[in-house]
Amino acid sequence: MSKDLSRREFLRIAGVTGLGGVLAACAPAATEAPKAAEPTKAPEATKAPEPTKAPEPTKEPEKPKEAAVLDYYWVGNADTDQRPLVEEAINSYIEPLINTKVIFHIVGWGDWASKAVTGIQAGEKMDIFFTADWWHYMQLATEGLFRPLNDDNGEYGNLLEKYGSGILSSLNPAFITGTQIDGVNYAVPTNKELCVPEGFIYNVSWAEEIGFTANDAANIKSFADMEPWLEKAKAAYPDEYPYLTDGRVGFMPWVPGFASGVGELLVNMKFAPDANGVFDETIVSPIDTDWAKEHTAVMRRWYEKGWIHPDSGLDTFNTSEYMNAGKFFILPQPLKGNNIKAQELVNSSGNADLKMAEIYGQPKVNITVHSGGSMLAIPMLSEFPVQAMQYINLMHTDSKLINMMLFGVEGVHWEFEADGRVNLINSAWYGAHPGAWTLGNTAIQAVTNKEDPNKNKMLQEYANDAVNHASLGFRFRTEPVAAELTAVGAAGSGVQKGLFTGYVDPAVELPKYVESLKAAGLDAVKAEIEKQYAAWKAAKKA
Amino acid sequence: MSAEATSPSTVISPKKSRWNRDKIYSNLSYLTMVLPGAIWLFLFAYLPMPGIIMAFKTYKLARPPADYWIQNKFIYSLINSPWVGLDNFKYLILPSNLSTTLMYIRNTVLYNLLFMVVGLIFSVALAVIIYELTNQFLAKLYHSIFFLPFFVSWIVVAYVVYALANSTGIINSSLASIGIAPLEVYKEKAYWPFIFLLANLWKYTGNGSIIYLATITGVDRELYEAAAMDGAGKWKQFTHITFPHLVPVIVLLQILAVGRIFGSDFDMFYTLPGGAALVKDVTYTLDVFVYNMLRSNLPLGYPAAASFVQSVIGFILILVTNYIVRKTRPELALF
Amino acid sequence: MDAKAAPQKLARPTSHKRNRDMLAISPTTDVLLNILMIACCLLTLFPLYVVIISSITSESALTANGYRLWPEEFSTLAYTFLFAQGSIVVTAYKNTILSTLAGTAISVLMVAFYAYPLSRDNFKFRGFFTFYAFFTMLFGGGLVAYYMVTRQILQIQNTLWALFLPSAFSPFWVIVMRTFYKANVPNEIIESARIDGAGEWRVLFEIVMPLAIPGLATVALFSAIGIWNNFFNCLLLVDEAKYYSLQFTIYTTLNNIRFLLENADKMQGVVNVGDLPSQTFRMAMAVVTVGPIIFAYPFFQRYFIRGLTIGAIKG
Numbered sequence: 001m002s003k004d005l006s007r008r009e010f011l012r013i014a015g016v017t018g019l020g021g022v023l024a025a026c027a028p029a030a031t032e033a034p035k036a037a038e039p040t041k042a043p044e045a046t047k048a049p050e051p052t053k054a055p056e057p058t059k060e061p062e063k064p065k066e067a068a069v070l071d072y073y074w075v076g077n078a079d080t081d082q083r084p085l086v087e088e089a090i091n092s093y094i095e096p097l098i099n100t101k102v103i104f105h106i107v108g109w110g111d112w113a114s115k116a117v118t119g120i121q122a123g124e125k126m127d128i129f130f131t132a133d134w135w136h137y138m139q140l141a142t143e144g145l146f147r148p149l150n151d152d153n154g155e156y157g158n159l160l161e162k163y164g165s166g167i168l169s170s171l172n173p174a175f176i177t178g179t180q181i182d183g184v185n186y187a188v189p190t191n192k193e194l195c196v197p198e199g200f201i202y203n204v205s206w207a208e209e210i211g212f213t214a215n216d217a218a219n220i221k222s223f224a225d226m227e228p229w230l231e232k233a234k235a236a237y238p239d240e241y242p243y244l245t246d247g248r249v250g251f252m253p254w255v256p257g258f259a260s261g262v263g264e265l266l267v268n269m270k271f272a273p274d275a276n277g278v279f280d281e282t283i284v285s286p287i288d289t290d291w292a293k294e295h296t297a298v299m300r301r302w303y304e305k306g307w308i309h310p311d312s313g314l315d316t317f318n319t320s321e322y323m324n325a326g327k328f329f330i331l332p333q334p335l336k337g338n339n340i341k342a343q344e345l346v347n348s349s350g351n352a353d354l355k356m357a358e359i360y361g362q363p364k365v366n367i368t369v370h371s372g373g374s375m376l377a378i379p380m381l382s383e384f385p386v387q388a389m390q391y392i393n394l395m396h397t398d399s400k401l402i403n404m405m406l407f408g409v410e411g412v413h414w415e416f417e418a419d420g421r422v423n424l425i426n427s428a429w430y431g432a433h434p435g436a437w438t439l440g441n442t443a444i445q446a447v448t449n450k451e452d453p454n455k456n457k458m459l460q461e462y463a464n465d466a467v468n469h470a471s472l473g474f475r476f477r478t479e480p481v482a483a484e485l486t487a488v489g490a491a492g493s494g495v496q497k498g499l500f501t502g503y504v505d506p507a508v509e510l511p512k513y514v515e516s517l518k519a520a521g522l523d524a525v526k527a528e529i530e531k532q533y534a535a536w537k538a539a540k541k542a
Numbered sequence: 001m002s003a004e005a006t007s008p009s010t011v012i013s014p015k016k017s018r019w020n021r022d023k024i025y026s027n028l029s030y031l032t033m034v035l036p037g038a039i040w041l042f043l044f045a046y047l048p049m050p051g052i053i054m055a056f057k058t059y060k061l062a063r064p065p066a067d068y069w070i071q072n073k074f075i076y077s078l079i080n081s082p083w084v085g086l087d088n089f090k091y092l093i094l095p096s097n098l099s100t101t102l103m104y105i106r107n108t109v110l111y112n113l114l115f116m117v118v119g120l121i122f123s124v125a126l127a128v129i130i131y132e133l134t135n136q137f138l139a140k141l142y143h144s145i146f147f148l149p150f151f152v153s154w155i156v157v158a159y160v161v162y163a164l165a166n167s168t169g170i171i172n173s174s175l176a177s178i179g180i181a182p183l184e185v186y187k188e189k190a191y192w193p194f195i196f197l198l199a200n201l202w203k204y205t206g207n208g209s210i211i212y213l214a215t216i217t218g219v220d221r222e223l224y225e226a227a228a229m230d231g232a233g234k235w236k237q238f239t240h241i242t243f244p245h246l247v248p249v250i251v252l253l254q255i256l257a258v259g260r261i262f263g264s265d266f267d268m269f270y271t272l273p274g275g276a277a278l279v280k281d282v283t284y285t286l287d288v289f290v291y292n293m294l295r296s297n298l299p300l301g302y303p304a305a306a307s308f309v310q311s312v313i314g315f316i317l318i319l320v321t322n323y324i325v326r327k328t329r330p331e332l333a334l335f
Numbered sequence: 001m002d003a004k005a006a007p008q009k010l011a012r013p014t015s016h017k018r019n020r021d022m023l024a025i026s027p028t029t030d031v032l033l034n035i036l037m038i039a040c041c042l043l044t045l046f047p048l049y050v051v052i053i054s055s056i057t058s059e060s061a062l063t064a065n066g067y068r069l070w071p072e073e074f075s076t077l078a079y080t081f082l083f084a085q086g087s088i089v090v091t092a093y094k095n096t097i098l099s100t101l102a103g104t105a106i107s108v109l110m111v112a113f114y115a116y117p118l119s120r121d122n123f124k125f126r127g128f129f130t131f132y133a134f135f136t137m138l139f140g141g142g143l144v145a146y147y148m149v150t151r152q153i154l155q156i157q158n159t160l161w162a163l164f165l166p167s168a169f170s171p172f173w174v175i176v177m178r179t180f181y182k183a184n185v186p187n188e189i190i191e192s193a194r195i196d197g198a199g200e201w202r203v204l205f206e207i208v209m210p211l212a213i214p215g216l217a218t219v220a221l222f223s224a225i226g227i228w229n230n231f232f233n234c235l236l237l238v239d240e241a242k243y244y245s246l247q248f249t250i251y252t253t254l255n256n257i258r259f260l261l262e263n264a265d266k267m268q269g270v271v272n273v274g275d276l277p278s279q280t281f282r283m284a285m286a287v288v289t290v291g292p293i294i295f296a297y298p299f300f301q302r303y304f305i306r307g308l309t310i311g312a313i314k315g
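If you read the sequences in order, they're chains A, B and C.
Just so you know, we're using this note's numbering here: the first sequence kicks off at 1 and counts up by one.
Just so you know, we're using this note's numbering here: the second sequence kicks off at 1 and counts up by one.
Just so you know, we're using this note's numbering here: the third sequence kicks off at 1 and counts up by one.
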């Protein structure tokens, strides 16, 4: 942009607007703006036809000359001083391949909303943007901030088909359809575990102590089956609290992350199909059912028996500290099959004596939130969508690139061992980003020497015999009930966690909570979800 | 009384007279003095200011066409996003929000008044004591200690509160060892106003007293000497000399505090209770409430609307307070 | 008695000598006040003691027994680990110290300059510039607009400037300083200097600022602390570890943990909170961040605590 002009012009707006009459002065400033600008409805996404042709001619010829620099926004812990080394290695590798360079911006989990989301809304230069169904996907896609990737009439054509063939050929089709919004892909899903049933992790050393075998674990089908064992565990370790929970349900009869932006226990449908494989698509408010009454009563009973830690209802209470120390018997967790999750948790605990195994609480069903559990979007205003897509395509096909992104520079940060696993020499880079599940195709990644060599294969194969849930691909748009959702959100904070950890008495607090949710407009939210679900269903049939 | 006596308005009368050359020159020098600050304010405060109109629009990001007069994407989008009137404000007055909002407004205002009054008394008292102590080495040491908590972030304070007050924490394990039933701090509303007050005093008294200390230090000692010679005791010296010198600063800080009466120290109110459900009624302030409302993915206009309302209310309150001050003590008014 | 007689006295230079005996509080009061202060200091230090002691407790003792006033097992592992990260901590220290020094100097001067004309009755635009500063205390353009201006128009991201320039001025301290000038710098002195032919800048530098040293020291101290404690500039404007400030480093670590714990239910279990730094490590970070700034305080302190009096400067 011409800085001089913009600055001078800006002075004018700011000068008028500056003092006092903010409101009054803004109206003329806005109407003054040439109406000619209107045709650029670009963010209306799918339809974005040709009107924004103008910037292209100047850009296209440049490409062959100079490498495009992609700004890659990635969630994680924080930046590290090892990043320039990794970038250098990656760039010298990919520049000959796709004439592109990359810069990583690793933004902390807690800072993402104020930094990355603010940035994309402010039109900062960004080319690849991490997102997920539980991580701003619907919000930013519906605000028109992500580019449609499979739009034949798009500015750059159907990016996925033209430049993402490696993505399409390697991904389970459930990923592609599962992450669409009204048939449009706004982001490329990472090829990782698709089926993530809820369940529990248990502590093997405690289990051995009380004679709880793997066979017993397989036979646990309900909280009632669990009780005698918790009883024994408490008797064996009277000073500890065997059931470690932050309110996660475990035996979850509802669809996790059913409607984005609305709590999964507020509006949902049944998770498991019936004996004939038919899904019950009735939309209910789980919190207002007998299930909620019974479940919270069980938790309360356990809490009062001393099976649940007395501080479990607080945000300050950190379950992982107790888990890492091996001071628990059973902990609800989402799982990935084949004891992989348990092993991951052991590896990250830093506790060499810890041994953990899994109890499954849900059948294998593919749902929306897991198909979009990790995705990469291309911001609408990125000037290099083609290169971005080429880069993402490489992430799905090129194991050399993906190992550099995951572990850093070979020989500096890591080295291969004889069996093909990775020995980390310097984990600064590996620890800065969230890890393998955010990176392209997990099947072509190497694993560390602490992991099962077949881990990645097992992760993807685990979903082979899973069924697709009837709601797979349904995504809720929050705008029509945005105001009600503010009230629902405020009513929910704190209370729900208290109820589902037994921290508060459900006989008193549950009816109060339900009442406050209804007063806040839960029914209106539910009605809107029903409406959108019916419309989505009808469109899918057509 | 004496504070204003030390700055008598000898200039007031010439002010009314015509412009003379001297005055023009001095105004030019004055203008060069305010210039750096004025530029800074312009760049960092007024340039972003048009963002306020986001509260009245549905902001949609778009790329400006090549021939548009400004190529900045944000400015273009801000100008061209559709106006939605007061739609973004509606959620603030939903009936279900309104009843709880009133409760949280009450909390916010009461906590602020409590902190204003108690904080003022403690800070002034500390400043005077530090000033009066004979051993100035000790005085400095004490003050340094009181100053320390200011550097500890609220998240860390929340860990400390948790370490002290959790069910197996320091307090409860000590109580247990002498056979007293544990305190359920996170479940009992009555504790929280005290915890917040203590935390607030702990963190801010030391640094709050500095400005008073600086003011007292600036008072001419001869005033005290003359007073002492007239037989005035310490208390009389305080009420007749120290306090009048403090009044302008006190009044000023209170006027500014009134403008923030609907705001709160968000991090304190949000982190210390650790989301404890049962004490919500006494721990939520308006800021925390709005934060919790806006957690789900909502339009950008919503937070903009909330902060606009807060700014306008603060602005009106300051103007009213300032008006009252100006009617009674014109020399103490903000403007 | 009050200050009616003060103006005449103020105008003439006074002696250094203070009559301590005459103004000193009685010994009994002195002892009582000292006891009170010591008690308050112990109370103040107690939470800090908890932070320090948890930072040197072994992690396993912490989970096994919870927090204790005297841990069963000590460990300096957290500090070893913290400093093993080496360059990050050192760089963050360097960035923070440099930006604090630069930001404080700029801030004190800009505030001192801006506030002085506002304290003068003969400044014609006094009302306008007071309001111009005051208005920004209440109204702001919001995060997105601020982000755009700082990163796209001013373009200070990923520089050291980003760490202090956005905090290098404060309307709040302008207004406080204006009041301070009015209350502590007698008009007669300024007027007589002007009659002697001094220009406004000279009056400001040679007469007003020396008289306002306690006030300016206050502004300096609070600017220094403000910049030292500020993490938000770094959060918004810095993407590269080599410009990270100390407070941001600790803030982002603590905030990530808080965020992940609070939102565990929405995260679909993808993030293992167990990966994040342990409790003792976080406490050690809190200790390290307070670091050198506490030594800055005694440096400023001599300006507030009886060291200098107006008389002493004038003499």
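Quick caveat, the hints were computed from the structure, so don't treat them as lab data.
Treat the hints with caution; some may be incorrect.
No farther apart than 30 Å at their CA atoms in a straight line, the calculated lysine-lysine pairs in the BS3-like style are these [stated by the list, open to error]:
id	chain 1	residue 1	chain 2	residue 2
1	B	60	A	293
2	A	221	A	162
3	A	537	B	60
4	B	60	A	305
5	B	60	A	512
6	A	125	C	242
7	A	518	A	531
8	A	162	B	23
9	C	242	A	400
10	A	518	B	140
11	B	140	A	512
12	A	540	B	60
13	A	327	A	400
14	A	293	A	232
15	B	90	A	512
16	B	140	C	94
17	A	221	A	232
18	A	518	B	236
19	B	90	A	293
20	A	512	A	531
21	A	101	C	124
22	A	526	B	23
23	A	327	B	140
All of these numbers come straight from a predicted model, not from anything done at the bench.
Is the Cα-Cα distance between residue 242 of chain C and residue 400 of chain A 30 Å or less?
-> 27 Å, holds
Given the hint that residue 512 of chain A pairs with residue 531 of chain A, test it: the Cα-Cα distance must not exceed 30 Å.
-> With Cα atoms ~27 Å apart, residue 512 of chain A and residue 531 of chain A stay inside 30 Å; holds.
Quickly compare the C-alpha distance for residue 101 of chain A and residue 124 of chain C to 30 Å and report which way the hint goes.
-> The given pair, whose Cα atoms are some 57 Å apart, is violated under the 30 Å limit.
Is the straight-line distance between the alpha-carbon of residue 221 of chain A and that of residue 232 of chain A 30 Å or less?
-> With Cα atoms ~18 Å apart, residue 221 of chain A and residue 232 of chain A stay inside 30 Å; holds.
Given hint residue 140 of chain B paired with residue 327 of chain A - CA-CA distance at most 30 Å | 47 Å, violated
Proposed proximity, residue 512 of chain A with residue 90 of chain B (alpha carbon, max 30 Å) | 25 Å, holds
Within 30 Å, alpha carbon to alpha carbon, are residue 162 of chain A and residue 23 of chain B?
-> Answer violated: residue 162 of chain A to residue 23 of chain B is near 73 Å, above 30 Å.
If you draw a straight line from the CA of residue 221 of chain A to the CA of residue 162 of chain A, is it 30 Å or shorter?
-> It is violated: about 48 Å lies between the C-alpha atoms, which goes past 30 Å.
Under the criterion that the straight-line Cα-Cα distance not exceed 30 Å, is the pair residue 125 of chain A, residue 242 of chain C satisfied?
-> 21 Å, holds
Holds or violated: residue 537 of chain A to residue 60 of chain B, with C-alpha atoms at most 30 Å apart | It holds: about 28 Å lies between the C-alpha atoms, which stays within 30 Å.
Distance restraint between residue 518 of chain A and residue 236 of chain B, which requires alpha-carbon spacing of 30 Å or less | Measuring from Cα to Cα gives roughly 61 Å; hence the hint is violated.
Hinted pair residue 540 of chain A and residue 60 of chain B, Cα distance within 30 Å = OK: residue 540 of chain A and residue 60 of chain B at ~28 Å, within 30 Å.
In terms of the numbered hints stated before, the structure departs from hints 1, 2, 4, 5, 8, 10, 11, 13, 18, 19, 21, 22, 23, listed from lowest to highest.
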